[in-house]
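Place chain A on chain W using the hints.
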Amino acid sequence: MMELKEIKCESCGHVNQPGTQLCQSCGKMINSDYDRKKIKDLMRYDGSAVRSKVRSKSIFDKIWIFFTSIKIGVMIILAIAVAAAIGTIFPQEYFIPLGVDPADYYQENYGTLGYLYYSLGFHNLYSSWWFVLLNGMLALSIIAASIDRGVPLFKSLKNQRAKKHESFYRRQRLFMHEKDNGNADEVISQLKDKRYKARRDGDNYLLEKGKLSRWGPYINHTGLIILLIGSMLRFFPGMYVDEIVYLNEGETKDLPTTDGQYYVKNDGFILDTHGESSGEVFEESLNQGNNIVSNFQTDISVYENESSDVVGAEPELTKIDDYSIRVNHPYRFGSYELYQSSYDDSQMKAMTFSLEDADGNTVGENFTVNLDDPDQSYQIDENTEIKMRAYAPDFQEIDDNGTLVSETPVPRNPAFVFEVNAGGDSELSLLQIMNSTDITQNNDYSIRFVEAEQHTASVLTLKKDHTIPLVAGGFVIFLAGVFIGSYINHRRIWISLEDGFTLAGHTNKNYFGMKKELDTILEANSFSPVSERQEIEDKAKDKES
Amino acid sequence: MKRGTRNILRVSIIVTVAVLIGITLWFNLTSDNKTVAVGDEAVDFQLTTMSGEEIRLSELNDDGKGVILNFWGTWCKPCREEMPDMNDIYTSDNNDEYEIVAVNVAENEQQINQFISGLDADLEFPIALDESRDVTEAYSIGPLPTTIAVNKDGTVVKKQEYQLTHEDILAFIEDATE
Chain W
1 MMELKEIKCE SCGHVNQPGT QLCQSCGKMI NSDYDRKKIK DLMRYDGSAV RSKVRSKSIF
61 DKIWIFFTSI KIGVMIILAI AVAAAIGTIF PQEYFIPLGV DPADYYQENY GTLGYLYYSL
121 GFHNLYSSWW FVLLNGMLAL SIIAASIDRG VPLFKSLKNQ RAKKHESFYR RQRLFMHEKD
181 NGNADEVISQ LKDKRYKARR DGDNYLLEKG KLSRWGPYIN HTGLIILLIG SMLRFFPGMY
241 VDEIVYLNEG ETKDLPTTDG QYYVKNDGFI LDTHGESSGE VFEESLNQGN NIVSNFQTDI
301 SVYENESSDV VGAEPELTKI DDYSIRVNHP YRFGSYELYQ SSYDDSQMKA MTFSLEDADG
361 NTVGENFTVN LDDPDQSYQI DENTEIKMRA YAPDFQEIDD NGTLVSETPV PRNPAFVFEV
421 NAGGDSELSL LQIMNSTDIT QNNDYSIRFV EAEQHTASVL TLKKDHTIPL VAGGFVIFLA
481 GVFIGSYINH RRIWISLEDG FTLAGHTNKN YFGMKKELDT ILEANSFSPV SERQEIEDKA
541 KDKES
Chain A
1001 MKRGTRNILR VSIIVTVAVL IGITLWFNLT SDNKTVAVGD EAVDFQLTTM SGEEIRLSEL
1061 NDDGKGVILN FWGTWCKPCR EEMPDMNDIY TSDNNDEYEI VAVNVAENEQ QINQFISGLD
1121 ADLEFPIALD ESRDVTEAYS IGPLPTTIAV NKDGTVVKKQ EYQLTHEDIL AFIEDATE
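Protein chains in written order, with my numbering: chain W, 1 to 545; chain A, 1001 to 1178.
Since the hints were derived computationally from the structure, they do not count as laboratory data.
Ideal placement from N, C-alpha and C gives every residue a C-beta, glycine not left out.
Treat the hints with care, since some could be wrong.
Stated by the list, open to error - Listed below are several chain A residues computed to face chain W (Cβ distance under 8 angstroms; list not exhaustive): (1) ILE1013; (2) GLY1039; (3) ASP1044; (4) TRP1075; (5) GLN1110; (6) VAL1135; (7) ALA1138.
What the hints assert, rightly or not - Below, in silico cross-link-like pairs of lysine-lysine (DSSO-like), each with a Cα-Cα straight-line distance of 27 angstroms or less: (8) LYS349(W) - LYS1077(A); (9) LYS1077(A) - LYS387(W); (10) LYS57(W) - LYS1002(A); (11) LYS1002(A) - LYS158(W).
So that you can see chain W by itself, here it is in the shape it has in the complex (with noise of 0.2 angstroms):
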């Protein structure tokens, strides 16, 4: 690549960086293609050569400039925000029903393309590894493209000097000059008065506001970075969790991710709906609907294992608290929080039965089997007993040897054998949900399902944080650098008194109230308003056409 040399101006003498189009110190156009290029705005270029333009050597120099280019970051952005809309299509992996594959899952529910959403990792979008590599890439955009621009620009505002060439003065966008020096001495002072910070080289000022406006974007950035570095953290152990708690009543369990130390145990999860006549005010529309829940509530106790033991032996608990967690109420212990989320009856607990004799008499009292733990008989009145002598929680078949298969250890389709034992005799039966069938011959008794229960768990989540003051500091950092930049303008107006009154202004956004700024105190001191070289350019094209 040609060796671009350091480039010293002609007119004010000071060396710049090779690349640079207009001179730092004077504002001198140096480039000569500058005016062919036809750019509308000639102060973008103000200041040093874009460095990553100037030279390429390195593989490291290779990746830094191939990051700060603005297309490959709006590039990024744009993979980002299309996976991120992808991702919305299908339900993500949390959301999907506790238990079930996702593989399945996908593929029954969403076809070809479920099964294409779940390989390629769209169903857990925000953790997939694309995913994570293309906000790294973001970072890296972000951080290499706000060096590159933000170091020149910094160089360029703190080395200003307020004597600028007569053909910089020309070639701003808000230009005005008189033979007469008039009340410039006055113009100034008012624009001082106007916040505005004057800078003088002998006959050249500079007045200058709203700097901080430039910095906007860098203090955006800078946000960014530390949003993306408290998303990054989320990944680090112990930094967030996000767990669910699945816990029948009665049950007790240990809260994962704290390695065995904490226990939780369901004393009752309670679901209270609105009354019928409540009398509150919004009575009407609650009884429109039916049931509308009034209260999610799980009561809990909490343990604490004193003995720090090897897995799967018989821990060691002490209650050191109880609390009834509710909606928006979690129970909060460390720096953990747990949630109600949902609760599921789904899932069978018990079944009660009731035997019946050859004339249809209901004999001894009803007897309850515990899908979960079944006993092996029950004794319903003094010389009756029922032996359960097999059982499958979700039967599939009969064995060749006669046992009842199980297709899942779950009590979906739960099928016993019972044997009765009345008066010396007994009898066997098989019996399903749906149908009983007699296995001996002739039987005299005959079982009936009376009703079954089910378990009532409540789903709990676990959730530990520590990534909320990045990302929040982040998000406020980001949006203080947005207005900032909007907001507020970076005005800057030199004037020359060398040669009469020469005036020109330029600001990043809104010319507009600029111009209004200016005339008002220009028009108050006997001096013509600014000329606007938009106006100028518009003018001379309607005379071409």
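The following block gives chain A in isolation, referenced to the frame of chain W:
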């Protein structure tokens, strides 16, 4: 900025971002599947067996025994089929250099008794009850049956996530006692 400073800045930023992306991805990938692999140190555990005794992995190792952990369920067909094979081999040699521990995954005793009573011969090796699934989770067991061989030093030396043949069982015993 001097060219040297600039190069240092560029290289350090690129390297930092790359390293952070790498660490994040590594945490991300390892958090999902902490599966036990051959060469890992076996997690020590203690469980109660069907006969009411406490069984502890490190104690078996201290006795100079290799251990074969067989995670199973009564509802799983291949588990039911490999069980008698394991029992035959276990009873036919003197098994003082190894122990087979059949870890039942969260089933009640009725189900296990029902299964055992349907077999031709009694199972001689201990059946450990992992009611809370703590051990199953500590070993990140996916499909059943999964069989893991742990040598005397407490290192995982073999793992298989499908039904064992007669030869497989012999190979597991050989690896565990090596």
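Here is what the structure says about each hint:
1. ILE1013: OK, holds: ILE1013(A) within 8 angstroms of chain W, min 6 angstroms.
2. GLY1039: Check failed: Cβ of GLY1039(A) comes no nearer than 20 angstroms to chain W, outside 8 angstroms.
3. ASP1044: 5 angstroms, holds
4. TRP1075: 4 angstroms, holds
5. GLN1110: 5 angstroms, holds
6. VAL1135: Status holds, d = 4 angstroms.
7. ALA1138: With a closest approach of 5 angstroms, the ALA1138(A) hint holds.
8. LYS349(W) - LYS1077(A): 25 angstroms, holds
9. LYS1077(A) - LYS387(W): 26 angstroms, holds
10. LYS57(W) - LYS1002(A): Between LYS57(W) and LYS1002(A) the Cα gap is close to 16 angstroms, so the pair holds against 27 angstroms.
11. LYS1002(A) - LYS158(W): Satisfied, since the Cα-Cα distance of roughly 17 angstroms is no more than 27 angstroms.
Consistency note: the structure conflicts with earlier hint 2 alone.
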